[in-house]
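Given the sequences, and given the hints that come with them, work out the whole structure.
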Amino acid sequence: MAATFNFELVTPERLVFSGEATQVVVPGAEGDFAVLVGHAPFISTLRPGILEVTLPQGSQRLLVKKGVAEADPTRLTVLAQTAVPVEELQGARLASELKLAEAQAAEAKDDHAKMNAEALLDVLKRLQLKAA
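For the sequence shown, the residue numbers in this note's numbering are 666 to 797.
Misleading hints may appear alongside valid ones.
To be verified - Cut-off 25 angstroms, straight-line C-alpha distance, at most; resulting in silico cross-link-like pairs (DSS-like, lysine-lysine):
{"#": "1", "residue 1": "K774", "residue 2": "K764"}
{"#": "2", "residue 1": "K731", "residue 2": "K774"}
{"#": "3", "residue 1": "K795", "residue 2": "K764"}
{"#": "4", "residue 1": "K790", "residue 2": "K764"}
{"#": "5", "residue 1": "K731", "residue 2": "K764"}
{"#": "6", "residue 1": "K790", "residue 2": "K731"}
{"#": "7", "residue 1": "K774", "residue 2": "K790"}
{"#": "8", "residue 1": "K790", "residue 2": "K779"}
{"#": "9", "residue 1": "K731", "residue 2": "K779"}
{"#": "10", "residue 1": "K731", "residue 2": "K795"}
{"#": "11", "residue 1": "K764", "residue 2": "K779"}
Unchecked claim - Estimated spans, in silico, between C-beta atoms of each pair:
{"#": "12", "residue 1": "S724", "residue 2": "G703", "range": "18 to 26 angstroms"}
{"#": "13", "residue 1": "A667", "residue 2": "E767", "range": "38 to 46 angstroms"}
{"#": "14", "residue 1": "S724", "residue 2": "L680", "range": "15 to 23 angstroms"}
{"#": "15", "residue 1": "A760", "residue 2": "T739", "range": "37 to 45 angstroms"}
{"#": "16", "residue 1": "A778", "residue 2": "G703", "range": "34 to 42 angstroms"}
{"#": "17", "residue 1": "E685", "residue 2": "P750", "range": "16 to 24 angstroms"}
{"#": "18", "residue 1": "Q793", "residue 2": "E772", "range": "18 to 26 angstroms"}
{"#": "19", "residue 1": "A778", "residue 2": "V675", "range": "18 to 26 angstroms"}
{"#": "20", "residue 1": "E783", "residue 2": "R679", "range": "25 to 33 angstroms"}
{"#": "21", "residue 1": "K774", "residue 2": "E685", "range": "39 to 47 angstroms"}
{"#": "22", "residue 1": "R726", "residue 2": "S761", "range": "16 to 24 angstroms"}
Keep in mind that the hints were calculated from the coordinates and are not lab data. Every residue, glycine too, gets a C-beta built ideally from N, C-alpha and C.
Take a look at the structure:
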């Protein structure tokens, strides 16, 4: 059995997940990074993307938006503005998220906001293609 570490995913509304994970792939601002037990301590901001959680008994993929991740050798904590299971992003909900992301990209007031909106759009369009 693979070694595990404590993983928590928190949004402003609720604790989304708290338990043991064997690996978590995080969409960091500078690129995706994987956390395993024994990871060196660090903190990263998030970009919009898919957080992939590997559990001892399966896996889960969630769309996360802005936030931060803090890792150390025994735990990972992700504080995200939003965390939605990918399987819930279908049909009308996915269309609504796409429309909102397009509006955010069009109304972005600076390069950073535009980059985040475009990253979210890219992720949502890929999910839409997979659902088709």
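Here is what the structure says about each hint:
no.	hint	result
1	K774 <-> K764	holds, 18 angstroms
2	K731 <-> K774	holds, 17 angstroms
3	K795 <-> K764	holds, 18 angstroms
4	K790 <-> K764	holds, 11 angstroms
5	K731 <-> K764	holds, 18 angstroms
6	K790 <-> K731	holds, 18 angstroms
7	K774 <-> K790	holds, 22 angstroms
8	K790 <-> K779	holds, 16 angstroms
9	K731 <-> K779	holds, 13 angstroms
10	K731 <-> K795	holds, 23 angstroms
11	K764 <-> K779	holds, 15 angstroms
12	S724 <-> G703: 18 to 26 angstroms	holds, 20 angstroms
13	A667 <-> E767: 38 to 46 angstroms	holds, 40 angstroms
14	S724 <-> L680: 15 to 23 angstroms	holds, 19 angstroms
15	A760 <-> T739: 37 to 45 angstroms	holds, 41 angstroms
16	A778 <-> G703: 34 to 42 angstroms	holds, 36 angstroms
17	E685 <-> P750: 16 to 24 angstroms	holds, 19 angstroms
18	Q793 <-> E772: 18 to 26 angstroms	holds, 21 angstroms
19	A778 <-> V675: 18 to 26 angstroms	holds, 23 angstroms
20	E783 <-> R679: 25 to 33 angstroms	holds, 28 angstroms
21	K774 <-> E685: 39 to 47 angstroms	holds, 41 angstroms
22	R726 <-> S761: 16 to 24 angstroms	holds, 19 angstroms
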